[in-house]
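Protein chains in written order, with this note's numbering: chain A, 1 to 321; chain B, 1 to 321; chain C, 1 to 338; chain D, 1 to 338.
If you're looking for bench data, these hints aren't it; they were derived computationally from the structure.
Check each hint, because a few of them may be wrong.
[Claimed, not checked] Partial list, computed: chain B residues near chain C (C-beta under 8 angstroms): (1) Phe-29; (2) Gly-32; (3) Gly-36; (4) Tyr-176; (5) Lys-267; (6) Ile-268; (7) Glu-310; (8) Ala-311; (9) Leu-314.
[What the hints assert, rightly or not] What follows is a set of in silico ranges between Cβ atoms, one per label pair, in the way DEER data are often shown: (10) A:Met-307 to D:Lys-234: 52 to 58 angstroms; (11) B:Ala-300 to C:Ile-317: 22 to 28 angstroms; (12) C:Arg-212 to D:Asp-188: 55 to 61 angstroms; (13) A:Arg-224 to D:Glu-57: 53 to 59 angstroms; (14) B:Glu-297 to D:Glu-57: 53 to 59 angstroms; (15) D:Glu-57 to B:Asp-10: 43 to 49 angstroms.
[To be verified] Pairs of lysine-lysine residues, derived as PhoX-like cross-links and limited to a Cα-Cα distance of at most 20 angstroms, are as follows: (16) D:Lys-52 to D:Lys-3; (17) B:Lys-107 to D:Lys-118; (18) A:Lys-164 to A:Lys-134; (19) C:Lys-234 to C:Lys-118; (20) A:Lys-107 to A:Lys-134; (21) D:Lys-234 to D:Lys-324; (22) A:Lys-235 to A:Lys-267; (23) C:Lys-295 to D:Lys-234; (24) C:Lys-118 to A:Lys-107.
For each residue, glycine too, the CB sits at the ideal point set by N, CA and C.
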Amino acid sequence: MQHSREFLLDCYQSMVTIRVFEERVHEEFATGKIPGFVHLYAGEEASAVGICSQLDERDAIASTHRGHGHCIAKGCDVHAMMKEIYGKRGGSCGGKGGSMHIADLAKGMLGANGIVGGGPPLICGAALTAKYLKTGGVAVAFVGDGGSNQGTTLESYNLANVWKLPVVFVVEDNGYAEATASAWSVAGSQLGRAAGFGMPGTLVDGFDFFAVYEAARTAIERARAGEGPSLLHIKLSRFFGHFEGDAMSYRADGEIQRYRNEHDALKIFRRKVTEAHLLDDFTLDAVEAGVVRNINEAVAGAEADQMPTEADLLTDVYVRY
Amino acid sequence: MQHSREFLLDCYQSMVTIRVFEERVHEEFATGKIPGFVHLYAGEEASAVGICSQLDERDAIASTHRGHGHCIAKGCDVHAMMKEIYGKRGGSCGGKGGSMHIADLAKGMLGANGIVGGGPPLICGAALTAKYLKTGGVAVAFVGDGGSNQGTTLESYNLANVWKLPVVFVVEDNGYAEATASAWSVAGSQLGRAAGFGMPGTLVDGFDFFAVYEAARTAIERARAGEGPSLLHIKLSRFFGHFEGDAMSYRADGEIQRYRNEHDALKIFRRKVTEAHLLDDFTLDAVEAGVVRNINEAVAGAEADQMPTEADLLTDVYVRY
Amino acid sequence: MPKKTYRQAINEAIASEMRRDHRVIVLGEDNAGGKGAPGEPDAWGGVLGVTKGLLPEFGEDRVLDTPISESAFIGAAVGAAATGLRPVAELMFVDFMGVCFDQIFNQAAKFRYMFGGKAVTPVVIRTMYGGGFRAASQHSQCLYPLFTHIPGLKVVVPSSPYEAKGLMIQAIRDDDPVIFFEHKVLYDVEEDVPDEAYTIPFGEANVTREGRDVTIVAFGRMVGFANTAADELKRDGISVTVIDPRTTSPLDSETILDSVSETGRLVVVDEAHPRCSMAADIARLVAEEAFHDLKAPIRTITAPHTPVPFSPALEDIYIPSVAKIKAAVQALAAKVPA
Amino acid sequence: MPKKTYRQAINEAIASEMRRDHRVIVLGEDNAGGKGAPGEPDAWGGVLGVTKGLLPEFGEDRVLDTPISESAFIGAAVGAAATGLRPVAELMFVDFMGVCFDQIFNQAAKFRYMFGGKAVTPVVIRTMYGGGFRAASQHSQCLYPLFTHIPGLKVVVPSSPYEAKGLMIQAIRDDDPVIFFEHKVLYDVEEDVPDEAYTIPFGEANVTREGRDVTIVAFGRMVGFANTAADELKRDGISVTVIDPRTTSPLDSETILDSVSETGRLVVVDEAHPRCSMAADIARLVAEEAFHDLKAPIRTITAPHTPVPFSPALEDIYIPSVAKIKAAVQALAAKVPA
Ligand SMILES: Cc1ncc(C[n+]2csc(CCOP(=O)(O)OP(=O)(O)O)c2C)c(N)n1
Ligand SMILES: Cc1ncc(C[n+]2csc(CCOP(=O)(O)OP(=O)(O)O)c2C)c(N)n1
Ligand SMILES: [Mg+2]
Ligand SMILES: [Mg+2]
């Protein structure tokens, strides 16, 4: 697959935005400014961007509790996201949702989700809409390795195939569900399950943007062609704890450092595109600098924004009641 | 596998008891004497008996809405069962449960179940008890082809294997879930799913007692040996509608007659044991006659029994409240 | 006006909305029936025939059968609603909520609030409830109190064919998630139902009997019982108002409070279990907001705090009855100061 | 007596019962933590550390981590209970009930009745509930009213460390299915808790303050709020009884009715949503059974009919507060006829 310079720059910018956003949320959380449960996506950028860079507004995604990366990759406004994470009025959800419930339906981002396995059934619905209205759209459900054991996810595999829906199931296997290893919690295998439900499955190196891109391309094309669902089993790693505050004593000594050194999706992308002379370091550095400025502004904007007020408490429950 | 004469007679008696019980309930239902939803097991006898004849009191089973056959095969009292189906005081559950909730925990029969997919999680628990208390017991979950798509069932496949529980999952595939064909509703395959969750799976001719017996023997031995769960995909047919009152217009013309003629588990058993000179027609006829007498008495007993009274309404909710 | 059953009324409501708006689709287990099978298509039309005939008219794209996997297909209905369709999904018996409640109460119900008002989820979930069918503990529950507790849901409990049609059309046109409770024992009840489409607004109670002495608030099938009780009591000289709130959420508090301000006496009839029930809910409303109008204790009539028994002998005394309603009203009316 | 947190009290209760009865086992997601992982075992001890230390003492046979599949493992706990064990299963947040409610309300709760009294299902389901953690709509709900509605379940809502220990030991020794609600904001609250094992019976309310003017019934975390309100009101000359029912099912109606017969005034404080809530349930009880004792309208204080908001600014005004309780009591007390 040949990629344009522009496309590659866009993808790099997305991945860097996720990384810088998450590193920054990590820092700000430590200062006590950010409330609640926050699950960071840093380390998994190639998955979100490798997939979402092939989607447009017709296409929908459903995310997980670890949703920031998917939101950014699907084009959500990072300034509004940051405000949301701070619980501010100008947030994507007016401060009512927070980190675990960022959504932008207009962009096809059906929401992060506080319920493990909450997304796959919803994505079958988005796919049904696309199929019924013949929009050509596809729908992508992200789940974790932990979420791959939830009945709601497994039922959705079956329903999507029985109804021949344009769905891609993406199992982001970062090795852990909270503190539990996927090597223990997942009996059989992700690809075996895909086969068991009669759909193609592909094992993907989730640190390599290009590997993700290619595997997703096949699955998305299949879906758009009306041939039904596929599953991608993406192996990757999270650079932070399950949530902010997790001491991570269940991980091996030096594990994260090793991933950061050897399996950093950003570094791997940079190496590949520079070695192939598609982009140069100077340009990529400029992208990074721009992202850092943008995230600085997002944090400043979030800090400066107002909290919602009592008048907001009872609104938005119903369209009409 | 060599079977004793006595064992074969017991098994035939069980199968005939199921058949005659169900044919009789069918008749009595038509007269309006039996209330509620009744799902008959006739036609599937070789499955229940082929499996349960290898179980003892240490072993537990969980059944479905179509539970009479499993109950009889696991040794429940057919007189109490008939009373229960009539809603009488002397019923297995004092008339409080009815056809869909017959249970006998003392016999390891954990209940028919009105919820499709209700049984497999429970059976993981029974298996956990057996494993933890080292009773040597195994636990068998019966589900239908329809129930094989329920998330609770699929989750149980995973849990049973992750915990290496002594479980056998039995998918009784009679071709339909209500009016929906399993050929349509089950994406992939039962054996593919077993493999996907990392357990052995075997396709079984459910009209042949001996085929069921052998496949179950392997699975039960594996479970007793502490090697974890297995799945049996048993193909069979129900001779009546989904429930009593079902006009069955979704089935092919003559379909049931064909099954009754060519795939009657009782006839097949009789042919095999007589051809092998293990049992003779005279003995088998005597068994049948005895069963008919017994079921006649069961019906008479049920008709004669008292209804529960107001004093029974509020009891049995809690052990103590 | 033509007589129609509750079943027909609901069927007609769905069909007329499907004709009116192509975004309306129907899905559920055997909503057509016979999918993939060698026999007839539309073999069932729902387990009790409510959706019969929709498949032949609207085709497979709009009348979808499903595997038995309520989380997946109820969730799919929710997801389809959030992305532009107007699905009418069937949760066959409300007793099955336990395998799919998350998609209803954490997803559909909360999208709008969690997403800061930016989601619209016009899904209707039809479901059967109630006793009297000898269907035992797992096929006879009411459970509408559980749904009423949840902000973000609307809960409809139609009491008759006329009501069912108008409320179903409203439910389908409504932009919020609606749980539509169909009492299985009412399906064969007939009354006059217009052929044309009409809506009955949510949150507006129907006063089915007007009286001075006692107010009865009743839900679903219990409205008919209350009407019968009222008619019989009238002959004894006790004049009773019967209020059918039609929807438990939103609730028309005003009509109830107004009536109690006239009668000063309240009986609530709820087929559900007693604890945290609609009976309790209405009692709270009146004890908090119309206390000074009350001349006597509030009386609630519900099923007992036990699962639903199978045996007809038990089920018949389990379900609230006309006799119990009459006795409660008589006891209250006896306390009328001369 | 040693001071212990609510978290420690629960941990100690479970540990002491595990020592006493080998049939008691513990299971849930990351109840130990680190299963299959390269780092430390017992890495988490539950998401907020409540089961920490059980694995090292009792081993992997008795402290089981689970895949994320609540139906399977809650159901397994139910099945294990019905076959002879006494499992303490964790449903991490009660908000997750939607993916496994069937095993709780249709299976565990109904076995005994459906099977004619021939089943015993001694399972305890521990679960976190409540707001104040900025955990948003899907991790902050109360939902005990839904469980209270269901016959066959017992529902425990401990308000303090001392209560939590005694009620947990009772729950484990109890032969019926028990849902044990732990308020996440209380985990770090400390009070005196004896080292030895003791039980607090179900269905016996605790009167935490005795007064003449107004009765407050409060649940879980709200008991502390009510106590504070009562103490502050005392200084203003208003004398308040505070009742902590401890269990919503069974409910100690007597203590509540007795108190109202003395005070004639009732405020119910319930952190749950208002509709079909415990607030409504208690209001029903009193309006039906102690109507003639009432001198003023019943007042209920609950969260509003909206999902739980994330923003601290909203969540703080969402949850019932001491100020709101005081205002309600003052308003009622003002109506005391001189
Ligand atoms: C139904 C449900 N069960 C449990 C949880 C608690 N929980 C939140 S995230 C998580 C682990 C998820 O692991 P995985 O799916 O691998 O995603 P990851 O966190 O690794 O991205 C758990 C158990 C939940 N939110 N919902
Ligand atoms: C959770 C749930 N969904 C739906 C039903 C309604 N229902 C009862 S039996 C049945 C079909 C079951 O089919 P299958 O599992 O193949 O068993 P069979 O009837 O063929 O023995 C359905 C849909 C139910 N009882 N529970
Ligand atoms: Mg993971
Ligand atoms: Mg079947």
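Comparing the hints with the structure gives:
1. Phe-29: violated (12 angstroms)
2. Gly-32: Violated. Min distance 12 angstroms.
3. Gly-36: With Cβ-Cβ at 4 angstroms, under 8 angstroms, it holds.
4. Tyr-176: holds (7 angstroms)
5. Lys-267: Violated: closest Cβ of chain C sits about 24 angstroms from Lys-267 (chain B), beyond 8 angstroms.
6. Ile-268: violated (23 angstroms)
7. Glu-310: holds (6 angstroms)
8. Ala-311: violated (10 angstroms)
9. Leu-314: holds (6 angstroms)
10. A:Met-307 to D:Lys-234: 52 to 58 angstroms: The hinted range 52 to 58 angstroms is violated for Met-307 (chain A) and Lys-234 (chain D), with Cβ atoms some 34 angstroms apart.
11. B:Ala-300 to C:Ile-317: 22 to 28 angstroms: holds (27 angstroms)
12. C:Arg-212 to D:Asp-188: 55 to 61 angstroms: Since Arg-212 (chain C) and Asp-188 (chain D) have Cβ atoms about 58 angstroms apart, the given range 55 to 61 angstroms holds.
13. A:Arg-224 to D:Glu-57: 53 to 59 angstroms: holds (56 angstroms)
14. B:Glu-297 to D:Glu-57: 53 to 59 angstroms: holds (56 angstroms)
15. D:Glu-57 to B:Asp-10: 43 to 49 angstroms: Roughly 48 angstroms apart at Cβ, these two residues keep to the hinted range, so it holds.
16. D:Lys-52 to D:Lys-3: holds (18 angstroms)
17. B:Lys-107 to D:Lys-118: holds (12 angstroms)
18. A:Lys-164 to A:Lys-134: holds (13 angstroms)
19. C:Lys-234 to C:Lys-118: violated (52 angstroms)
20. A:Lys-107 to A:Lys-134: holds (18 angstroms)
21. D:Lys-234 to D:Lys-324: Between Lys-234 (chain D) and Lys-324 (chain D) the Cα gap is close to 16 angstroms, so the pair holds against 20 angstroms.
22. A:Lys-235 to A:Lys-267: holds (17 angstroms)
23. C:Lys-295 to D:Lys-234: violated (32 angstroms)
24. C:Lys-118 to A:Lys-107: holds (12 angstroms)
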